[in-house]
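Using the sequences and the hints given, assemble the complete structure.
Protein chains: 2
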Amino acid sequence: MQRGYAPFLYFVAVLGLEAAVQEECRIIEALQNKLTYQQRLQYMKHYFPINYTVNVQFEEVLRAANITRLRDQNVSEPSLRFLWFNVNTQVLLKIQAVLLEKHPAWEYTRDLGLLFEQLAEYENCEQNDINVCEVVEQVLSSDAGSSRKAVRPKALLDNCAKVMRMLYSESCK
Amino acid sequence: MQRGYAPFLYFVAVLGLEAAVQEECRIIEALQNKLTYQQRLQYMKHYFPINYTVNVQFEEVLRAANITRLRDQNVSEPSLRFLWFNVNTQVLLKIQAVLLEKHPAWEYTRDLGLLFEQLAEYENCEQNDINVCEVVEQVLSSDAGSSRKAVRPKALLDNCAKVMRMLYSESCK
Numbered sequence: 521m522q523r524g525y526a527p528f529l530y531f532v533a534v535l536g537l538e539a540a541v542q543e544e545c546r547i548i549e550a551l552q553n554k555l556t557y558q559q560r561l562q563y564m565k566h567y568f569p570i571n572y573t574v575n576v577q578f579e580e581v582l583r584a585a586n587i588t589r590l591r592d593q594n595v596s597e598p599s600l601r602f603l604w605f606n607v608n609t610q611v612l613l614k615i616q617a618v619l620l621e622k623h624p625a626w627e628y629t630r631d632l633g634l635l636f637e638q639l640a641e642y643e644n645c646e647q648n649d650i651n652v653c654e655v656v657e658q659v660l661s662s663d664a665g666s667s668r669k670a671v672r673p674k675a676l677l678d679n680c681a682k683v684m685r686m687l688y689s690e691s692c693k
Numbered sequence: 521m522q523r524g525y526a527p528f529l530y531f532v533a534v535l536g537l538e539a540a541v542q543e544e545c546r547i548i549e550a551l552q553n554k555l556t557y558q559q560r561l562q563y564m565k566h567y568f569p570i571n572y573t574v575n576v577q578f579e580e581v582l583r584a585a586n587i588t589r590l591r592d593q594n595v596s597e598p599s600l601r602f603l604w605f606n607v608n609t610q611v612l613l614k615i616q617a618v619l620l621e622k623h624p625a626w627e628y629t630r631d632l633g634l635l636f637e638q639l640a641e642y643e644n645c646e647q648n649d650i651n652v653c654e655v656v657e658q659v660l661s662s663d664a665g666s667s668r669k670a671v672r673p674k675a676l677l678d679n680c681a682k683v684m685r686m687l688y689s690e691s692c693k
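Protein sequence lines, in the order shown, are assigned to chains A and G.
Following the working numbering, the numbering of the first sequence begins with 521 at its first residue and continues without gaps.
Following the working numbering, the numbering of the second sequence begins with 521 at its first residue and continues without gaps.
Careful: at least some of the hints might be erroneous.
Which copy is meant is left open, because identical chains are indistinguishable; a pair holds if it fits in one copy or across any two.
[As the list claims (entries may be wrong)] Below, simulated DSSO-like cross-link-like pairs (lysine-lysine); rule was C-alpha separation at most 30 angstroms, straight line: (1) Lys693 <-> Lys622; (2) Lys565 <-> Lys554; (3) Lys614 <-> Lys682; (4) Lys674 <-> Lys693; (5) Lys565 <-> Lys674.
Keep in mind that the hints were calculated from the coordinates and are not lab data.
Here it is as structure tokens:
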């Protein structure tokens with residue numbers, strides 16, 4: 521490569537990165553608009569039987585406290601986002617699996633799932649964070665050995681929304 | 521009482537009975553309009569999570585086959601209607617108990633319950649049918665000793681609609 525091109529290529533790379541961040545933030549904003557308290561309450565609480573729970577893997581209950589603890593262990597922000605993205609992709613699949621297409625919360629859950637699909641290309645695990653990357657693999661493999669938890673659908677999406685705010689409020693102001 | 525009044529009182533009694541049957545049939549017709557297959561499917565299947573069940577007493581699963589068997593045992597039609605009425609009043613209360621007011625099937629279940637309430641004054645057990653009357657008492661007392669069954673809401677209302685047709689199609693043509 522000719523030396524004179526280097527600053528130009530760097531400039532192009534920065535532009536590309538910026539465009540990716542913008543696109544990621546656009547999706548996060550759309551998710552935020554779909555994950556308002558009012559909608560979580562309506563679709564995930566009012567539209568389910570009282571005390572109804574979904575069985576998820578222990579690792580799929582990803583709370584704000586887990587993120588704080590992982591940050592204290594110096595896990596990188598991209599890996600935390602990768603964890604949040606994968607956990608909630610699985611959570612949405614599990615909620616959707618208990619609904620028929622004509623259930624009044626089906627479309628809402630499908631729309632959220634589609635936004636997560638769009639997010640896929642922007643989330644990656646950093647190799648240094650081997651523990652987190654392994655947890656994600658376990659979540660994705662639906663490891664039968666992993667302990668299960670019965671959790672209310674609204675609690676799952678409450679976690680999703682809260683952790684999303686923790687992970688993106690700085691980078692997507 | 522003067523003798524000349526007897527035919528008049530008899531006539532009044534017959535008129536009263538006829539008016540009662542007409543009112544009972546009006547309520548049954550309203551129930552039939554609310555218990556169409558389409559509505560049972562929508563509110564009791566599509567609007568619940570897949571495989572969701574409600575816990576009812578064993579005696580609250582009142583199928584067409586049970587009515588046939590009781591008829592073979594010469595149980596009177598009024599007592600069979602009394603049984604059906606009480607079983608399904610309890611069934612509706614149990615379905616409603618798992619729904620919040622903002623659940624899309626709540627209003628439907630409430631409306632059915634109100635129609636059953638209107639029906640109360642027209643249904644009575646005949647003293648000869650002591651066994652059936654005792655079953656009704658057990659159902660109403662929610663006897664903790666009675667065995668329980670997990671049944672899908674639609675199956676419960678399917679039974680309700682089918683048995684209703686069996687019991688009223690002749691008298692409410």
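Hints, one by one, checked against the model:
1. Lys693 <-> Lys622: neither (37 angstroms within a copy, 35 angstroms between copies)
2. Lys565 <-> Lys554: Close inside one copy (15 angstroms) and across copies (26 angstroms); limit 30 angstroms.
3. Lys614 <-> Lys682: within (19 angstroms within a copy, 35 angstroms between copies)
4. Lys674 <-> Lys693: within (26 angstroms within a copy, 48 angstroms between copies)
5. Lys565 <-> Lys674: both (6 angstroms within a copy, 21 angstroms between copies)
Hint 1 from the list above is the single one not met by this structure.
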